[in-house]
Amino acid sequence: MSKYIPFRTKKDHISFFFDKKSIKYTSVFVIVTLLLCLASTSLGQVLISPLEVIQILFGSGEGGNAYIVQILRLPRILIALFVGIGLAVSGAILQGMIRNPLASPDIIGITSGGSVAVVTFLTIFSDENDALTVSIHWQPVAAFIGAMVIGLIVYALSLKSGTTPIRLVLIGIGLATLMDALTNLFMILGPIYRAADANLWLTGSVYGTNWDQVKVIIPAIVGLVILALLIARRINVQELGDELASGVGSHIQRDRLLFIVVSTALAGVSVSVAGGIGFVGLMAPHIARRLVGASYGALIPISALIGGILVVGADLIGRTLFLPIEVPAGVFTATIGAPYFIYLLFKK
Amino acid sequence: MLFQSHMSKGFGLAFSFILMLVCMGLSVVLGYTDTTIGDAITAFTTNNTQENAYIVIRNHRLPRALIATCVGASLGVAGVLMQALTRNPLASPGIFGVNAGASFFVVLAVSFSQTLSLGMLSWVSFIGAAFAAGLVYFIGAIGKEGLTPVRLTLAGAAIAGLFSSFTQGILVLNEKALDEVLFWLAGSVQGRSMDDLVDIFPYILVAWVLAFLISRHINILTMGEDVATGLGQKTAWIKALAGIIVVLLAGGSVAIAGPIGFIGIVVPHFARSLVGYDQRWLIPYCGVLGAVLLTAADISARYVIMPEEVPVGIMTAIIGTPFFIYIARKGLKST
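Protein chains in written order, with the UniProt record's numbering: chain E, 1 to 348; chain G, 1 to 335.
Source of the hints: derived by calculation from the structure; they are not laboratory data.
Given the structure is predicted, the values throughout are model-derived calculations rather than measurements.
Beta carbons: idealized from backbone N, C-alpha and C, even for Gly.
Treat the hints with caution; some may be incorrect.
[Unchecked claim] Label-pair restraints from in silico Cβ distances:
{"hint": "1", "chain 1": "E", "residue 1": "G208", "chain 2": "G", "residue 2": "I305", "range": "31 to 39 Å"}
{"hint": "2", "chain 1": "E", "residue 1": "I218", "chain 2": "G", "residue 2": "S193", "range": "54 to 62 Å"}
{"hint": "3", "chain 1": "E", "residue 1": "P324", "chain 2": "G", "residue 2": "I142", "range": "33 to 41 Å"}
{"hint": "4", "chain 1": "E", "residue 1": "K215", "chain 2": "G", "residue 2": "G224", "range": "49 to 57 Å"}
{"hint": "5", "chain 1": "G", "residue 1": "P202", "chain 2": "E", "residue 2": "H251", "range": "38 to 46 Å"}
{"hint": "6", "chain 1": "G", "residue 1": "F112", "chain 2": "E", "residue 2": "G208", "range": "45 to 53 Å"}
{"hint": "7", "chain 1": "G", "residue 1": "I142", "chain 2": "E", "residue 2": "K21", "range": "54 to 62 Å"}
{"hint": "8", "chain 1": "G", "residue 1": "T45", "chain 2": "E", "residue 2": "A156", "range": "20 to 28 Å"}
{"hint": "9", "chain 1": "E", "residue 1": "I136", "chain 2": "G", "residue 2": "G224", "range": "23 to 31 Å"}
Just need the whole structure built from these sequences, with the hints factored in.
See the structure below:
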């Protein structure tokens, strides 16, 4: 019996191996994710029993608790889940393509691009009384545009008869530092009110999200993750290194642009709703790789689930641990992720 | 590399050193209060303590020029050592968790006690930097594989992420701390006194000298663990010593000036394009060029939004990025 189960479509357009171990892990993580989401819906300032939550989800609940579940908690948890998935898959693609374990959306400047766009947005559209002159709903749009623009600038600047991973990551770091500096500059020049406002976003939080955002983010993330699965095989090839990859007939440069676009879009969508939640894009793929190895067919779904669990868990801790104060989820993604990551470093 | 022979490398270093002195001189003379070179000379030769320009030069500009020089040199040397140690061209105090650790300790101290002086804060951040670096080293070294470059880098990224998110968390919960600390967090050499420098200077001086003394051993280490061991090097000792040097340099810099990014990462790449991979040349070059970059950045920081000042950490990024992109495009290799 082989360790792997091959999956192929006709003509091999899509093909990858499923590690049997990874099927086990995937099912375990799906269950953990569902249970965590259920727990997160139950817990909070108002405790609602999981049974009642399930009843409400199937439409039979009424009154205050139904309101809390349907309007306050559920959209927030869904956003957290999909933001986590988006960041994790984005990181998984980048790490495979750049072949540097440090690669993540935060490192190559995508998050910083979003940050600078948000702070600029808050600065430009504030009047003398620090009130916003346009709807706050434009803030995610600004973040998304900022993230995409920086992602593409990084790519464009690293072009020179094609691009190489090391050039991409170095230029990414350079631009990220520049963007962070500009963010800082805007925060220092602006009044303290705006700095505090921006700081919440910069830390990353799913506070105050609503169904409108859910309706945007879920289709976007689902679509992009499916696309990521379709190109997974080519990421495997790139991990062999440029020479081998082109040797086996891979269009390295074309693929690389595709990876950048997909992973920037994933991170861009995620930061646009939730701000600069760090660590997920870096950690989730590493944790996944330690569990199931580096084959991308398995790595992408496992990374996605771990990313989702990280952010949902971080948000749950953030809104329950220090009641009545809310701590942004971004604080706890690192608090959960880093120790586990360190444990994995020890173990292996 | 630009300089091939020892002779040209020596001339290059001498020229960079003169450039550094010129930058220091300009840093003393230029700024919001209009002064001339004549004023600067008189300020140090007379006993006139009343004239405003002399006070500015003696009490503000000179400490500032010296601090920028020392911090820039330290960051440059710390960066090149880290890149050699981790064999990762992306390594720098920022990525290694040192800045994040120091920032976290400072933010924590400020939010618990409002009365800390700047001098005490610099000790807090020194301890924070050393703590974070020690933690990274410990985590990287323990376990079966031992201290490999990849593990060290990963541990650094983990600790950096952990501390910076703690910092963000405190800032979100405590807006008052935010107000006071935001400027420090951006990195600045403004408003520091000579005392701040004098406290930390012995440590960084020792670190500079040690860095130069072990440069030959670092050369061997960068050939790879196996080669180095084969040549009879006690690699664990060299790595530990290099680690301590990095902590002293990066920790000292953060203590005086806050987390200034970019110099530690950009200067080594630039220096390598000048003199190649020999650490005996690289380390002094990185020191001098780091000092030049930070002093120049500090001077320009005074003019951008006059009469206000931009924190120099922001200027290093704005000045450094185009350079960095140029170097990255030109092509480079690690260590």
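Where does the structure disagree with the numbered hints, that is, which hint numbers, in rising order? 5, 6, 7, 8, 9
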